[in-house]
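Residue-level listing of the chains:
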Amino acid sequence: MNPEHITFDNVSRFYGEVLGINRVTLSIPPGITSLVGPNGSGKTTLLNLMTGLIRPTEGQVQVLGIEPRDPRKLFRVVGYSTQFDSFPRGATGRQFIYSFLRLFGYPSSKASSLTAEALDVVHLTDAADRKIAGYSKGMRQRVKLAQAIAHDPQVLVLDEPLNGLDPLVRAETLNLFRKFASQGRHVFVSTHILHEVDMISDQFILMSNGYVVAEGQIQDVRSEIREHPMQVTIRCKQPHALAAKVFEMDHVVEVRVHPDGSGVLVLTRAADQFYRRLNHLAMGDFGIESIAPADDTVKSVYEYLIGEESQR
Amino acid sequence: MIENTAKSELWGQLIAVIRIELSKTFFSRRSLWIYLLALLPATLFYVNSIYTRREHERLAKVAVDHPVPKALLRSMRRGLTVEQVVQTLGEPYRRNSREFWMGRPPQRHERLMYYYTDGETDFTFFFSDGILQGNGRSGPTQSLPQLLLVFASVYQLYFIRLAIFFGCAGIFTNLFRGEMLDKSLHFYLLTPVPRFILVAGKYVAGLSATAVIFSASTALQFYAMLRGFDSSTVHEYMQRDGWHHVAAYMGISMLACAAYGSIFLAAGLVAKNPAVIAALLLLWESVNAFIPGSLKLASVVFYLQSLCPIEAPPDVTIPPALLALVAPVERVGTFTGIAVMVTVSLVVLIVSGLMSRKLEINYSAD
Numbered sequence: 006m007n008p009e010h011i012t013f014d015n016v017s018r019f020y021g022e023v024l025g026i027n028r029v030t031l032s033i034p035p036g037i038t039s040l041v042g043p044n045g046s047g048k049t050t051l052l053n054l055m056t057g058l059i060r061p062t063e064g065q066v067q068v069l070g071i072e073p074r075d076p077r078k079l080f081r082v083v084g085y086s087t088q089f090d091s092f093p094r095g096a097t098g099r100q101f102i103y104s105f106l107r108l109f110g111y112p113s114s115k116a117s118s119l120t121a122e123a124l125d126v127v128h129l130t131d132a133a134d135r136k137i138a139g140y141s142k143g144m145r146q147r148v149k150l151a152q153a154i155a156h157d158p159q160v161l162v163l164d165e166p167l168n169g170l171d172p173l174v175r176a177e178t179l180n181l182f183r184k185f186a187s188q189g190r191h192v193f194v195s196t197h198i199l200h201e202v203d204m205i206s207d208q209f210i211l212m213s214n215g216y217v218v219a220e221g222q223i224q225d226v227r228s229e230i231r232e233h234p235m236q237v238t239i240r241c242k243q244p245h246a247l248a249a250k251v252f253e254m255d256h257v258v259e260v261r262v263h264p265d266g267s268g269v270l271v272l273t274r275a276a277d278q279f280y281r282r283l284n285h286l287a288m289g290d291f292g293i294e295s296i297a298p299a300d301d302t303v304k305s306v307y308e309y310l311i312g313e314e315s316q317r
Numbered sequence: 006m007i008e009n010t011a012k013s014e015l016w017g018q019l020i021a022v023i024r025i026e027l028s029k030t031f032f033s034r035r036s037l038w039i040y041l042l043a044l045l046p047a048t049l050f051y052v053n054s055i056y057t058r059r060e061h062e063r064l065a066k067v068a069v070d071h072p073v074p075k076a077l078l079r080s081m082r083r084g085l086t087v088e089q090v091v092q093t094l095g096e097p098y099r100r101n102s103r104e105f106w107m108g109r110p111p112q113r114h115e116r117l118m119y120y121y122t123d124g125e126t127d128f129t130f131f132f133s134d135g136i137l138q139g140n141g142r143s144g145p146t147q148s149l150p151q152l153l154l155v156f157a158s159v160y161q162l163y164f165i166r167l168a169i170f171f172g173c174a175g176i177f178t179n180l181f182r183g184e185m186l187d188k189s190l191h192f193y194l195l196t197p198v199p200r201f202i203l204v205a206g207k208y209v210a211g212l213s214a215t216a217v218i219f220s221a222s223t224a225l226q227f228y229a230m231l232r233g234f235d236s237s238t239v240h241e242y243m244q245r246d247g248w249h250h251v252a253a254y255m256g257i258s259m260l261a262c263a264a265y266g267s268i269f270l271a272a273g274l275v276a277k278n279p280a281v282i283a284a285l286l287l288l289w290e291s292v293n294a295f296i297p298g299s300l301k302l303a304s305v306v307f308y309l310q311s312l313c314p315i316e317a318p319p320d321v322t323i324p325p326a327l328l329a330l331v332a333p334v335e336r337v338g339t340f341t342g343i344a345v346m347v348t349v350s351l352v353v354l355i356v357s358g359l360m361s362r363k364l365e366i367n368y369s370a371d
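Chains as they are written, first to last, in our numbering: chain A, 6 to 317; chain B, 6 to 371.
So here's chain A without its partners, still in its complex pose (with noise of 0.2 angstroms):
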């Protein structure tokens, strides 16, 4: 097992007679990983397995190279913001990082500076010495947050992390997000809004009734998916003769002209060929513009492998 990674061996929870997750094998290197799938998919589970709230019915569970049994040396390395939206009785936003943070040992001089950072960088700041039973939905997620990276972790899990965060708020969290990986840690995202997963991330995990149904990243998923064709948008100023043009080729299976005359969508089932056939034709006189995959995105490949009835 690489002990960079986060692995999975075989991993299998079961809740009495109920399938939590079934024969999960995954090694995720470091980066953004999301992690998606429908409610009951078992997405919480993965994520409580990984921080030993639970235990595996069967396999093995290593974050770099730790085992979540181990609590002294996991959460030296990993914070977990969860899914629960429930704190201790009475405490504020301070006194909830603080105490959490002495429960790593800290000194109190320590401690403080840290929750002071935790919540400075979340703009909790103001509000820190407030209650948390009197904070909004997006404050409590942020306290979460704060709490979760407090200790200044090399893996970040987080469940649901966007719910009920405002759109400034939202982005400086996502950038939060890339800051940590880009220091080469480890962010573990369990979220539905697939537009924001393809903003962020660096690999996904699709999940459905407890398996793994893809995981990777998002362009080799979806090329793996051939039921579907690949779709491809191209700008143009002659989408009718390029229309004609692509329709030659064998593996185009469909050719759409943009209702507003300024491109065509192409449906092919080899991406790779028709990219370099294209090479050739947009040496023609067809005045293409910009050329992009119109269906590698999370969304999609989520629309493919589940439907989009079990979409939220």
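Rather than coming from a laboratory, the hints here were simulated on the basis of the structure.
All values derive from a computational prediction rather than experimental measurement.
Where a beta carbon is used, it is the ideal one built from N, C-alpha and C, also for glycine.
Among these hints, one or two may not hold up.
What the hints assert, rightly or not - With a straight-line Cα cutoff of 30 angstroms, these simulated DSS-like cross-link-like pairs (lysine-lysine) come out:
1. B:K188 x B:K277
2. A:K136 x B:K188
3. B:K188 x A:K115
4. B:K277 x B:K12
5. A:K115 x A:K184
6. A:K142 x B:K188
7. B:K188 x B:K363
8. B:K75 x A:K78
9. A:K78 x B:K188
10. A:K78 x B:K12
11. A:K184 x A:K304
12. A:K115 x A:K78
13. B:K301 x B:K277
14. B:K12 x A:K115
To be verified - Non-contacting residues of chain B with respect to chain A, defined by C-beta distances greater than 10 angstroms in every case (computed):
15. R58
16. E88
17. T93
18. E96
19. L117
20. I136
21. F171
22. G247
23. W248
24. K301
25. A317
26. M360
27. I366
Please build the complex by placing chain B on the supplied structure of chain A, with the hints as guidance.
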């Protein structure tokens, strides 16, 4: 060096857990009823002491105005007339009279009640048609030895079996189960605190809270009980047995918290509904008096009662048929009693520490 660092880190974590838990147990609104439970007997003893003092003062004042020696009061015999009694004792400080009709044909009769006091006890003489029929004694007649017996009964039957029992149940079962229900236990499990340190820290915090509350209540009960007596009586008692009694009762309260606390902490750790375990334990502890001798040894209350410096008088409310079942068992010695309670607490705590390693966060199932 590394070992020392690890040890000091564990100590730091233990202290951090204790601090967090102390603030929850001592100062939370949920603990309010436990304070009330603990203060109830102290309040009753206090009220009793106020009544006792007032009665003492009232009778002393009456005795100044109507001085009657105790020996004379006791020398009055049935059959004396009102006039003879008044001639010997003087005029009563209060009198009541009542008329009633009795017999065939109905005849008028008169019943008189004359009140005297020697300054300590109220004597009431009952006359029927002018002839002394008998007398009654009342007032703050509780002597200190009598009240110590009352204290022993209240302590063993109410304070240990109900106040400390339910107080510990309330505090210790909530240490884990309460946080499960609040869905906040996971915050502890997301830190590098080893589970056994978490169990130990929570136990120490719960024990500190209950030991302070209930041993302070024990001391307050003693204070409240004694304040009804004059200072010389109290001084003499404290010099003789008083301090030993206070220390013994406070120590027993702490031991009770330690033993019941460890059991309830374990119950909160393993049971979804620890109230069921508490109810079963209460039943077992309550029937302790009726179970065969060897089984008595398997109850906490037996050891605690063995340690009490004053044996509570037998419960006169137990029907004679049941009294036959009450198997008297030799009380264990002080050292044995303390050793058993400490050992039980430690064993249950160690088992809890081992069980906590299997603790999972699955709030939806709780």
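Quick rundown of the hints versus the structure:
no., hint, in the structure
1, B:K188 x B:K277, "holds (14 angstroms)"
2, A:K136 x B:K188, "holds (17 angstroms)"
3, B:K188 x A:K115, "holds (28 angstroms)"
4, B:K277 x B:K12, "violated (34 angstroms)"
5, A:K115 x A:K184, "holds (23 angstroms)"
6, A:K142 x B:K188, "holds (16 angstroms)"
7, B:K188 x B:K363, "holds (18 angstroms)"
8, B:K75 x A:K78, "violated (81 angstroms)"
9, A:K78 x B:K188, "holds (24 angstroms)"
10, A:K78 x B:K12, "holds (15 angstroms)"
11, A:K184 x A:K304, "holds (24 angstroms)"
12, A:K115 x A:K78, "holds (20 angstroms)"
13, B:K301 x B:K277, "holds (28 angstroms)"
14, B:K12 x A:K115, "holds (19 angstroms)"
15, R58, "holds (42 angstroms)"
16, E88, "holds (76 angstroms)"
17, T93, "holds (72 angstroms)"
18, E96, "holds (67 angstroms)"
19, L117, "holds (66 angstroms)"
20, I136, "holds (73 angstroms)"
21, F171, "holds (21 angstroms)"
22, G247, "holds (41 angstroms)"
23, W248, "holds (40 angstroms)"
24, K301, "holds (40 angstroms)"
25, A317, "holds (40 angstroms)"
26, M360, "holds (14 angstroms)"
27, I366, "violated (4 angstroms)"
Hints 4, 8 and 27 from the earlier list are contradicted by this structure; the remaining hints agree with it.
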